[in-house]
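> Protein chains in written order, with my numbering: chain X, 57 to 166; chain S, 684 to 797.
None of these hints come from the bench; they were simulated from the model. Because the structure is a prediction, the values reported are computed rather than measured. Don't take each hint at face value.
[Said to hold, decoys possible] Derived coverage of chain S by chain X (criterion: at least 3 residues anywhere in the stretch with Cβ under 8 angstroms from a Cβ of chain X; other residues may be distant):
id : segment
1  : 721-731
2  : 751-758
[Claimed, not checked] Partial pick of chain S residues on the chain X-facing surface, computed with a CB cut under 10 angstroms:
id : residue
3  : VAL687
4  : PHE716
5  : VAL736
6  : ILE738
7  : ARG768
8  : SER778
9  : ASP784
10 : GLN786
Built from N, CA and C at the ideal position, the CB exists for glycine as well.
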Amino acid sequence: TQLLEQSPQFLSIQEGENLTVYCNSSSVFSSLQWYRQEPGEGPVLLVTVVTGGEVKKLKRLTFQFGDARKDSSLHITAAQPGDTGLYLCADGSGTYKYIFGTGTRLKVLA
Amino acid sequence: DAGVIQSPRHEVTEMGQEVTLRCKPISGHNSLFWYRQTMMRGLELLIYFNNNVPIDDSGMPEDRFSAKMPNASFSTLKIQPSEPRDSAVYFCASSLSGTVDIQYFGAGTRLSVL
Numbered sequence: 057t058q059l060l061e062q063s064p065q066f067l068s069i070q071e072g073e074n075l076t077v078y079c080n081s082s083s084v085f086s087s088l089q090w091y092r093q094e095p096g097e098g099p100v101l102l103v104t105v106v107t108g109g110e111v112k113k114l115k116r117l118t119f120q121f122g123d124a125r126k127d128s129s130l131h132i133t134a135a136q137p138g139d140t141g142l143y144l145c146a147d148g149s150g151t152y153k154y155i156f157g158t159g160t161r162l163k164v165l166a
Numbered sequence: 684d685a686g687v688i689q690s691p692r693h694e695v696t697e698m699g700q701e702v703t704l705r706c707k708p709i710s711g712h713n714s715l716f717w718y719r720q721t722m723m724r725g726l727e728l729l730i731y732f733n734n735n736v737p738i739d740d741s742g743m744p745e746d747r748f749s750a751k752m753p754n755a756s757f758s759t760l761k762i763q764p765s766e767p768r769d770s771a772v773y774f775c776a777s778s779l780s781g782t783v784d785i786q787y788f789g790a791g792t793r794l795s796v797l
């Protein structure tokens with residue numbers, strides 16, 4: 057069974073700081089998705105990466121997929137309070153059965 | 684579009700009672716998912732419907748859990764009898780096709796079983 061581990065588990069930073077969170081898999085990702093879940097809401101898809109070494113940018117968020125497709129990182133530049141939430145990675149493995157990571161809970165203080 | 688709609692948003696019940704959670708998927712989506720989220724186990728898939736037919740219910744924890752999708756615009760997840768360990772946030776999600784597609788999640792139902 058594939059395991060997705062995310063680190064750190066918790067992160068509390070000041071507004072304006074940069075941060076990176078990680079997602080590591082026990083096996084090769086088919087495709088990797090990053091979600092953000094705000095308090096009291098469901099997860100919302102941020103990005104899907106498919107190709108090893110791929111880098112995608114979404115405003116202040118940069119997503120990188122490892123060359124071997126077993127790890128990924130999410131970097132946030134100049135974090136804002138609106139970035140607060142639970143960040144989840146997930147592997148679809150080409151099917152409906154998404155496996156979600158353990159999550160990184162981020163709090164950005166004003 | 685209003686998105687995936689779940690009700691109720693919060694449910695508090697006593698052990699042994701029946702609980703029914705409801706979901707209205709996005710119109711036109713043919714795949715529907717029920718998930719459970721806890722601090723210990725994260726987000727877990729309970730059951731997947733495609734075109735109103737249950738395709739995979741291997742994540743349903745016990746016979747106490749059942750799910751139905753009588754039509755394309757409505758699904759229920761029922762727990763009978765409920766137990767304190769069922770306390771969690773239950774999410775419904777829908778997607779156009781179900782495979783490597785964007786899943787749209789509802790806001791969830793926070794269930795507390797006392």
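> Decide, hint by hint, whether the structure agrees.
Hint by hint, here is what the structure shows:
A stretch counts as covered by a chain when three or more of its residues have a beta carbon under 8 angstroms from one of that chain; for the segment 721-731 of chain S and chain X the count is 5, and the coverage holds. Under a criterion of three residues with beta carbons nearer than 8 angstroms to beta carbons of chain X, the stated coverage of the segment 751-758 of chain S fails, only 0 such residues being counted. Given the 10 angstroms rule on beta carbons, the hint for VAL687(S) holds: about 7 angstroms separates it from the nearest Cβ of chain X. With its C-beta approaching chain X no nearer than about 7 angstroms, PHE716(S) sits inside the 10 angstroms limit, and its interface hint holds.
For VAL736(S), the interface hint is violated, the least distance from its beta-carbon to any beta-carbon of chain X being 13 angstroms, above 10 angstroms. Checking ILE738(S) against chain X: minimum C-beta separation of about 7 angstroms stays under 10 angstroms; hint holds. A cut of 10 angstroms between beta carbons decides the hint on ARG768(S): the least distance to chain X is about 20 angstroms, and the hint is violated. The criterion of a C-beta within 10 angstroms of any C-beta in chain X is met by SER778(S), whose closest approach is roughly 8 angstroms, and the hint holds.
At about 8 angstroms, the closest approach between the beta carbon of ASP784(S) and any beta carbon in chain X falls short of 10 angstroms, and the interface hint on this residue holds. At about 7 angstroms, the closest approach between the beta carbon of GLN786(S) and any beta carbon in chain X falls short of 10 angstroms, and the interface hint on this residue holds.
Of the hints listed earlier, those the structure fails to meet are numbers 2, 5, 7, in rising order.
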